[in-house]
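All chains, please: the whole structure from these sequences, using the hints.
Heads up: the protein sequence lines correspond to chains A and B, in order. Counting in the working numbering, the first sequence runs from 1 upward without gaps. Counting in the working numbering, the second sequence runs from 1 upward without gaps.
FYI, nobody ran anything at the bench for these hints, they're computed from the structure. Predicted, not measured: the structure shown is a model, and the values here were computed from it. By construction, the Cβ of each residue, glycine as well, lies at the ideal position given by its N, Cα and C atoms.
The calculated BS3-like cross-link candidates involving lysine-lysine, where the alpha carbons are at most 30 angstroms apart (straight line), are:
(1) A:238 / B:240
(2) B:191 / B:218
(3) A:238 / B:238
(4) B:240 / B:191
(5) A:238 / A:218
(6) B:240 / B:218
(7) A:61 / A:20
(8) A:218 / A:240
(9) B:238 / A:240
(10) B:361 / B:191
(11) B:20 / B:61
(12) A:61 / B:61
Away from chain A, derived, C-beta distances all over 10 angstroms, residues of chain B:
(13) 17
(14) 53
(15) 63
(16) 100
(17) 102
(18) 123
(19) 154
(20) 183
(21) 218
(22) 323
(23) 364
There are 2 protein chains.
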Amino acid sequence: MSDRLFAVYEVPGPAAEAEKTARAIAYEETVEVPLEFPLPARIREEVVGRVGALTPVSGGKFRVEIDFPAALAGGRIGTLLNLTFGNASIWPGVRLVDIVFPDSFLASFPGPNFGVAGLRELLGVQGRPLLATALKPMGSSDEEFAAAAAAFARGGGDIVKDDQNLVDASFAAFETRVSRIAEAVAATGDKCLYFPHLAGPQEELEDRLRVVLGAGLKGVLICPAIVGLDTMRSLASKRKAVFMAHPAYSGSLYAERSHGIEHSLYLGTLMRLAGADITVFPNAGGRFGFTREECRAIATRSRAPLGSLAASWPAPGGGMSLDNTGSMTEDFGQDSIWLVGGRLLMHPGGPEAGAQAFRAKMPV
Amino acid sequence: MSDRLFAVYEVPGPAAEAEKTARAIAYEETVEVPLEFPLPARIREEVVGRVGALTPVSGGKFRVEIDFPAALAGGRIGTLLNLTFGNASIWPGVRLVDIVFPDSFLASFPGPNFGVAGLRELLGVQGRPLLATALKPMGSSDEEFAAAAAAFARGGGDIVKDDQNLVDASFAAFETRVSRIAEAVAATGDKCLYFPHLAGPQEELEDRLRVVLGAGLKGVLICPAIVGLDTMRSLASKRKAVFMAHPAYSGSLYAERSHGIEHSLYLGTLMRLAGADITVFPNAGGRFGFTREECRAIATRSRAPLGSLAASWPAPGGGMSLDNTGSMTEDFGQDSIWLVGGRLLMHPGGPEAGAQAFRAKMPV
Chain A
1 MSDRLFAVYE
11 VPGPAAEAEK
21 TARAIAYEET
31 VEVPLEFPLP
41 ARIREEVVGR
51 VGALTPVSGG
61 KFRVEIDFPA
71 ALAGGRIGTL
81 LNLTFGNASI
91 WPGVRLVDIV
101 FPDSFLASFP
111 GPNFGVAGLR
121 ELLGVQGRPL
131 LATALKPMGS
141 SDEEFAAAAA
151 AFARGGGDIV
161 KDDQNLVDAS
171 FAAFETRVSR
181 IAEAVAATGD
191 KCLYFPHLAG
201 PQEELEDRLR
211 VVLGAGLKGV
221 LICPAIVGLD
231 TMRSLASKRK
241 AVFMAHPAYS
251 GSLYAERSHG
261 IEHSLYLGTL
271 MRLAGADITV
281 FPNAGGRFGF
291 TREECRAIAT
301 RSRAPLGSLA
311 ASWPAPGGGM
321 SLDNTGSMTE
331 DFGQDSIWLV
341 GGRLLMHPGG
351 PEAGAQAFRA
361 KMPV
Chain B
1 MSDRLFAVYE
11 VPGPAAEAEK
21 TARAIAYEET
31 VEVPLEFPLP
41 ARIREEVVGR
51 VGALTPVSGG
61 KFRVEIDFPA
71 ALAGGRIGTL
81 LNLTFGNASI
91 WPGVRLVDIV
101 FPDSFLASFP
111 GPNFGVAGLR
121 ELLGVQGRPL
131 LATALKPMGS
141 SDEEFAAAAA
151 AFARGGGDIV
161 KDDQNLVDAS
171 FAAFETRVSR
181 IAEAVAATGD
191 KCLYFPHLAG
201 PQEELEDRLR
211 VVLGAGLKGV
221 LICPAIVGLD
231 TMRSLASKRK
241 AVFMAHPAYS
251 GSLYAERSHG
261 IEHSLYLGTL
271 MRLAGADITV
281 FPNAGGRFGF
291 TREECRAIAT
301 RSRAPLGSLA
311 ASWPAPGGGM
321 SLDNTGSMTE
331 DFGQDSIWLV
341 GGRLLMHPGG
351 PEAGAQAFRA
361 KMPV
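Here it is in C-alpha cells:
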C-alpha cells in the first residue's frame with residue numbers, strides 16, 4: 001500500500017449520490033473518460049482511483065477516501081494538485097479535506113529550508129513565540145517604512161515583512177527600497193529579520209531574490225497562490241532563504257466550507273510541502289471568519305510529522321490586539337509567530353513601544 | 001479617470017452591510033489597516049480604493065464598483081490579482097464579477113500570441129469552428145496515443161492535445177512521448193496540430209517548451225491555475241507558441257456562485273490577459289453545472305474588444321455528443337473550438353471516424 005496516495009473528500013449525500021460522485025472523481029482525475037468507455041482491464045485496475053468506504057459526516061455529507069497510485073502525482077506539486085483537485089475543483093460541493101502521502105512521495109520534497117528549529121537558530125530565540133509585523137500603509141515613503149522597521153527592531157520585534165500589497169514601480173525601485181529598509185534595520189544592531197515581498201513579473205523573481213539575499217537579508221514574503229506553489233518550491237530549492245507564505249488570492253479554496261480544500265490541508269500541509277518556513281493565515285476572531293478549531297488545525301498540520309520535512313511556523317494574523325494575546329498562547333503555543341500589523345504600528349508610542357508591549361504579553 | 005482600474009464586486013446585503021463590506025475591501029486591498037488608523041490625507045485620498053454606488057442584484061446581494069489607481073496593479077497579473085482579489089478572496093460572500101481596465105494597464109500585455117486570426121492562419125482553416133480532442137486514457141502506451149492522434153488527424157481533426165492528467169515519469173520520457181506522437185501526426189500529411197501538456201517542475205517548463213517547439217510543434221496545453229497565470233504570460237512572451245489554457249484546479253474560484261471570481265471574468269478575460277490563445281471550459285449540460293448563459297459569457301469575453309489584445313478561442317468541452325452539436329453552433333458560433341474527448345475516441349469506427357462524424361456536424 002505504500003505506493004498509494006490517499007485523497008479524502010467530503011461530498012454531498014445521500015449515500016447513493018455520494019458514491020456516484022466518488023466514482024466519478026476516481027475516473028475524472030485519472031482516465032477522464034465516460035464510465036461506459038471500453039477501458040483495458042489493466043488501466044481499469046491499475047490507473048483508475050479506488051473508492052473506499054463512505055462515512056456520513058455532518059450536514060448530510062459523506063467522507064470518502066479515494067486512493068491513487070502515487071506515481072500519478074509524479075513527486076511534483078503541480079501534478080499532485082491536478083491529480084487530487086484538478087477537475088474535481090470544478091465539481092460543485094466537493095471538498096478535499098485530507099491527503100495521506102506515502103513516504104516515497106514525500107521523499108521528493110526537501111520541505112522548508114529553515115522551519116521551526118532553523119529559524120530559531122537564525123534568530124537566536126528560544127522558548128517564546130516570535131513577534132512579526134507588516135510594513136504598511138502602502139503609499140508611505142521608503143524612509144517612513146525604514147523608520148518603522150527600525151523602530152520595531154529596537155522594540156524587540158523578530159520579523160518585519162512587507163505588506164503583500166506593496167508595489168514597486170520597477171526592479172530598480174524595489175532594489176532601492178529593500179536596501180534602504182535593510183540598512184535601517186541592520187543599523188539598530190538588533191537581531192530582527194526583514195522579509196521583502198517577492199513579487200513582480202515571473203521572470204524577475206529569481207533576480208529579485210538574489211537582490212534580497214545580496215542585501216544581507218535572510219528571507220522573503222511570497223504569495224504562493226499567485227506565483228504558483230511550485231514556483232515557491234523551485235525558488236526555495238535554489239536559494240537557502242526563509243519563505244514566509246501569505247494567503248492572498250487563495251481564499252476561494254477554503255473560505256466557503258461547502259467546497260474547495262480544507263483550510264488546514266492547504267494552509268498547513270500543502271504550504272509546508274511547497275517549502276513554506278512560515279504560513280500566514282487570518283486568526284479567528286478577526287475579520288475573515290476562520291474558527292478557532294480551523295486555526296488550531298492549521299497550526300497542528302504545519303508542525304505534525306510529515307516524512308522528514310521540517311515543521312513550519314504557523315503565523316496567525318489579523319485583528320490581534322493587546323487584549324487577546326492570551327488566546328494566542330492557548331491556541332498556538334510557543335512555536336508560533338504573532339503577526340501584528342495595524343494595532344502594533346498605531347500604538348500611541350509608535351512601533352517601538354508597540355513591539356515592546358506585545359513582547360511583554362508573550363509567555364516566557 | 002483613465003488611470004483608474006474599476007473592480008466590480010457582488011457582496012451580501014442588506015445595503016448597510018454591503019456598504020461596510022465594500023469600504024472594508026477598499027481598505028483591505030490597499031492600505032490594509034484598521035479604519036481608525038491615522039492615515040495621512042494624501043494616502044487616504046490617493047491610495048485607498050474609492051467605493052461607488054451600490055446596486056441591488058438578485059439573491060439579496062449588492063453590486064458595487066471600487067476603483068483603484070491603476071498603478072497599484074503595476075501592469076502585472078500577479079499584482080492585479082493581489083489588488084482586486086488578494087485578501088478579498090478570503091472574505092466569505094465576496095465575488096469579483098468584472099474588472100474594467102484602463103488602456104494604460106492593458107498596454108503592458110501583448111495578449112495571445114496567435115488568437116483567433118493567427119490560429120486560423122496557422123491551420124489554414126476559415127469559416128468553421130475547429131475540432132479538438134484529448135489523448136486519453138492515461139496508462140495508454142506512447143504508441144497507442146500516437147495512433148489515436150494520427151487517426152484523428154486523418155479524420156479531419158484540427159487540434160489534438162494531451163489530457164491534462166497525463167504524467168511522464170521524467171523529462172526524457174516526456175521528450176520521447178512527444179516526439180513519437182508528433183511524428184505520427186506529421187506522417188499523416190494532414191494539417192493537425194498536436195499540443196503536449198506543458199507541466200512538471202517549474203524550473204523545467206521552459207526547457208520542455210523548447211523540446212515541444214524543437215519537435216516542430218506549434219503549441220502546448222497548460223494549466224495556468226496550477227503553474228501560475230503569470231508563468232503562462234512569461235512563457236508566452238518568450239516563445240511564439242500557441243497556449244491552450246485548461247481550467248484544472250481553478251474551479252474553486254467560480255464553481256460556487258456565492259463567492260470567488262465570475263466564470264467569464266476568470267476563464268474569459270483573465271486567461272486572455274495572461275496570453276491564452278484558447279480557453280478550455282466545461283460546457284453547459286455536461287457534468288460540471290455551468291449554465292448556458294455562463295458559457296456564452298465566457299465566449300463573449302474571450303472575443304470582445306480588450307485594448308489591442310487578440311481574441312481568444314473559447315473551447316467548450318465535456319459531455320459533448322453527436323446529438324448536441326446544434327447548441328454548440330447556436331451558443332458559440334464559428335470562432336470556437338469543439339473539444340470532444342471520450343465520445344469521439346470511443347466512436348465505433350475509432351478516432352478517424354469520430355473526427356469525421358463531428359466535422360460533418362459543423363456549420364459551413
